[in-house]
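Protein chains in written order, with the numbering used here: chain A, 2 to 414; chain B, 2 to 414.
No lab work stands behind these hints: they were computed from the structure.
Hints may contain errors.
The list treats identical chains as interchangeable, and a pair is accepted whether it falls inside one copy or across any two copies.
[Said to hold, decoys possible] No more than 30 Å apart at the CA atoms, straight line, and that leaves these computed lysine-lysine pairs for DSS-like:
{"no.": "1", "residue 1": "Lys91", "residue 2": "Lys20"}
{"no.": "2", "residue 1": "Lys281", "residue 2": "Lys20"}
{"no.": "3", "residue 1": "Lys281", "residue 2": "Lys414"}
{"no.": "4", "residue 1": "Lys313", "residue 2": "Lys144"}
{"no.": "5", "residue 1": "Lys20", "residue 2": "Lys219"}
{"no.": "6", "residue 1": "Lys212", "residue 2": "Lys339"}
{"no.": "7", "residue 1": "Lys313", "residue 2": "Lys49"}
{"no.": "8", "residue 1": "Lys227", "residue 2": "Lys193"}
{"no.": "9", "residue 1": "Lys195", "residue 2": "Lys10"}
{"no.": "10", "residue 1": "Lys281", "residue 2": "Lys62"}
{"no.": "11", "residue 1": "Lys91", "residue 2": "Lys313"}
There are 2 protein chains.
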Amino acid sequence: MHKINDYSKSREYFERASKVIPSGIYGHQGPAEGCYIPVEAFPFFSEKAQGTYFWDVDGNKFIDYMCAYGPNILGYNDSDVDAAAAAQRKIGDCITAPSTKMIEFAELLVDTVATADWSFFAKNGNDVTTMAVMASRAYTHRKKIIFFKGYYHGVSPWTQKIDYAGIIEEDVCNNIYLQWNDFDAIQATFDKYKGEIAAVIGQPYMHGNFKDNTLPEKDFWQKVRKLCTDNDTILIIDDVRAGFRLDIAGSDHYFGFEADLICFCKALANGYNVSALCGKNFLKNAVSSMSYTGSYWLSAVPFAAGIACITKMREQNIPKLLNEKGTKLKEGLINTAKKHGYDLHVSGAASLFYLRLADDPTLMLHQKWIAECVKRGVFFTSHHNHFVNAALSDEDIAETIEIADEAFTEIKK
Amino acid sequence: MHKINDYSKSREYFERASKVIPSGIYGHQGPAEGCYIPVEAFPFFSEKAQGTYFWDVDGNKFIDYMCAYGPNILGYNDSDVDAAAAAQRKIGDCITAPSTKMIEFAELLVDTVATADWSFFAKNGNDVTTMAVMASRAYTHRKKIIFFKGYYHGVSPWTQKIDYAGIIEEDVCNNIYLQWNDFDAIQATFDKYKGEIAAVIGQPYMHGNFKDNTLPEKDFWQKVRKLCTDNDTILIIDDVRAGFRLDIAGSDHYFGFEADLICFCKALANGYNVSALCGKNFLKNAVSSMSYTGSYWLSAVPFAAGIACITKMREQNIPKLLNEKGTKLKEGLINTAKKHGYDLHVSGAASLFYLRLADDPTLMLHQKWIAECVKRGVFFTSHHNHFVNAALSDEDIAETIEIADEAFTEIKK
Chain A
2 MHKINDYSKS REYFERASKV IPSGIYGHQG PAEGCYIPVE AFPFFSEKAQ
52 GTYFWDVDGN KFIDYMCAYG PNILGYNDSD VDAAAAAQRK IGDCITAPST
102 KMIEFAELLV DTVATADWSF FAKNGNDVTT MAVMASRAYT HRKKIIFFKG
152 YYHGVSPWTQ KIDYAGIIEE DVCNNIYLQW NDFDAIQATF DKYKGEIAAV
202 IGQPYMHGNF KDNTLPEKDF WQKVRKLCTD NDTILIIDDV RAGFRLDIAG
252 SDHYFGFEAD LICFCKALAN GYNVSALCGK NFLKNAVSSM SYTGSYWLSA
302 VPFAAGIACI TKMREQNIPK LLNEKGTKLK EGLINTAKKH GYDLHVSGAA
352 SLFYLRLADD PTLMLHQKWI AECVKRGVFF TSHHNHFVNA ALSDEDIAET
402 IEIADEAFTE IKK
Chain B
2 MHKINDYSKS REYFERASKV IPSGIYGHQG PAEGCYIPVE AFPFFSEKAQ
52 GTYFWDVDGN KFIDYMCAYG PNILGYNDSD VDAAAAAQRK IGDCITAPST
102 KMIEFAELLV DTVATADWSF FAKNGNDVTT MAVMASRAYT HRKKIIFFKG
152 YYHGVSPWTQ KIDYAGIIEE DVCNNIYLQW NDFDAIQATF DKYKGEIAAV
202 IGQPYMHGNF KDNTLPEKDF WQKVRKLCTD NDTILIIDDV RAGFRLDIAG
252 SDHYFGFEAD LICFCKALAN GYNVSALCGK NFLKNAVSSM SYTGSYWLSA
302 VPFAAGIACI TKMREQNIPK LLNEKGTKLK EGLINTAKKH GYDLHVSGAA
352 SLFYLRLADD PTLMLHQKWI AECVKRGVFF TSHHNHFVNA ALSDEDIAET
402 IEIADEAFTE IKK
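If we strip away everything but chain A, and leave its shape as in the complex, we get (with noise of 0.2 Å):
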């Protein structure tokens, strides 16, 4: 049996955090926007991580099944990108002119992403799926976007709802919002707002929070394809969260397509902070035109780090690796479910797997079952999709299961 954690620690810094910073910790890696349900299963603080693991600030060991949220693919700390980055470290960052580094980066994400003729690098996914909405309006002359529900583009007001803190009808009134895999629902937008239609955004498939991860239905991508092409309108893959973990050539060639612009952040550099937009070349000059840029966005470490990474990505297949890791860990996790009379859900893709408990509609008992791995070092949360990286062994699967196993148990008492 495992032990079951104690988050004194946690619970003592996040009370000295809230006096200084408003929410104590804000975003996905906080207690109050949703991802740690139920909270009290949850630790707050990270002490170190390594590999596969973190720590938190009360010793706890977990099995990371969150990947700082995606960044991390390669294993935290892996040995070949941190080396890099030392390296190019010591020689400068952040410098008036930027370091070449920068162009092998590019010259090497045109070599591995299928539809990239040029990249562009920011520091923030929404940098990158900002300046692709904007390159698309710059190109056309048009204002509409549409949307797939369930969709996360980011932060910035364009991207947010209308009913978000701080966000104007203004920000949102050029927004369309679509069922995700209804081409008939384009089709007609499409028909309805001729010539009006800037682009289309979308993440290759569904994979939003608090319901099942939905893949494209056979033909759909390739439908919205040709309609975007008809209609001189740009189609924008973001990529930040599932790129490289599908697909090291880009989600949509995963899908069989091309997209216009895909964006990508996270996995890109293993944890170094750099984004990328990437793109056809029919798009540089619109890109070229605007007016983009940021105080780091020219630092020489992430981008020998981001060479680093690509590189060992491909020379490892990494997202063949990771879906036969989360393939693995998904039999495994179903069939525990299984011998103790459960239903487990398991959506999206494999190395990006979304876990639903299905016996319960309220989602109670799945938030529970979650709570119980949790408190036993596995680190999953209850309403967001997974990130497998490539540190997770044999080992690592099978004590998950085991914790997922002595959940089930728990939840049935």
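Add chain B to chain A, keeping to what the hints say.
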């Protein structure tokens, strides 16, 4: 006499960059956007940096007065900041749960920055200026924002101009642009839009491009402060550029008033990638209510670097030191110009000096003089304020003045 730089390798790399990166080099660090005028005088790519110098890919050494456009405040590769960052890097950076370094950094800023009751961290200056505007709207339930003409607050659509590529009317239709230092116009605008103005956003003084920088007139900020308070309007200071180069407690403190929200980036961690919004307690709930985060925002390494940077800046009173160095340089340059019969205007704070040779209204003579300086190893730019860092020595200042002297001789020919 100083040698004249050769830039052949920079040019070759730029050709290579242009194939895979829109504009080759984008933003203020690129030749296309205005800072590198005249372009033939400037290097494009750096090889390494140390202290107050960087070396380009052709082996030319520069005394660097742009400091990566701000981040370099203690000197490139500062050993204290780098040691703190390296120690944190070993144990972890971007992890599923944040490090307590985040709390320490927030506490240090609250202790250091006069107006700070709390801190929130992000990655770009633009992240925190955007957040400040959103928080103002969330708090006031109003839309309109007052800007000062000549401003720069980042690259999000709300802060760009209507004629910029990719910007639509809805992005900027709630912006009101007023003349810097014109309090009567602000008063009149408040009267006209009674109860509609969410925020006034301004840099602590006008350090815009292409014209002499202008300090606030006597009591200007005090009057704006009172007007905002009387009308429940949020006063936002964008200290991304000037922060910690005027006053360790914030540039509002330097000018004798208190902002409600203050934005930092650049000099916050000597080039490590972090930005911060600090603010007053009455806005803490508004910030907590927002949905606002990013993939790398809780990474520990930049927090460790920021703690080391702020601590050192406090111990050594860096703003005072930078202004002394800047004043020495400024006086030397003005006298050298005078010796040649030229009238050099040096405006703004001494630590952020702006240069203009006033003998030719076309600015061509000024550009020619700057070019001759750069070609001899002093990295100035023509129409952007400069930045002083703590590693700049008296010998560097003396050499700069010598080179400026040669450049004056050259442009007289």
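Evaluation of the provided hints:
When the C-alpha separation of Lys91 and Lys20 is checked against a cutoff of 30 Å, the pair qualifies only between copies, where the shortest distance is 28 Å, while the shortest distance within a copy is 37 Å. In this homomeric assembly, Lys281 and Lys20 come within 30 Å of each other (Cα to Cα) only across copies, at 12 Å, whereas the closest approach inside a single copy is 47 Å. For the homomeric pair Lys281 and Lys414, neither the shortest alpha-carbon distance inside one copy (57 Å) nor that between copies (48 Å) is at most 30 Å. Taking CA atoms no more than 30 Å apart as the test, Lys313 paired with Lys144 passes in neither setting, with 40 Å inside one copy and 48 Å between copies.
Taking the shortest Cα distances, Lys20 and Lys219 never come within 30 Å of each other, neither inside one copy (51 Å) nor across copies (36 Å). Taking the closest pair of Cα atoms, Lys212 and Lys339 come within 30 Å of each other only inside a single copy of the chain (21 Å); across copies the shortest separation is 72 Å, beyond that limit. In this assembly of identical chains, the alpha carbons of Lys313 and Lys49 lie at most 30 Å apart whether taken from the same copy (24 Å) or from different copies (25 Å). In the homo-oligomer, the alpha carbons of Lys227 and Lys193 lie at most 30 Å apart inside one protomer (17 Å), although the nearest pairing across protomers, at 50 Å, exceeds that limit.
Taking CA atoms no more than 30 Å apart as the test, Lys195 paired with Lys10 passes in neither setting, with 58 Å inside one copy and 49 Å between copies. For the homomeric pair Lys281 and Lys62, neither the shortest alpha-carbon distance inside one copy (44 Å) nor that between copies (37 Å) is at most 30 Å. In this homomeric assembly, Lys91 and Lys313 come within 30 Å of each other (Cα to Cα) both inside a single copy, at 22 Å, and across copies, at 21 Å.
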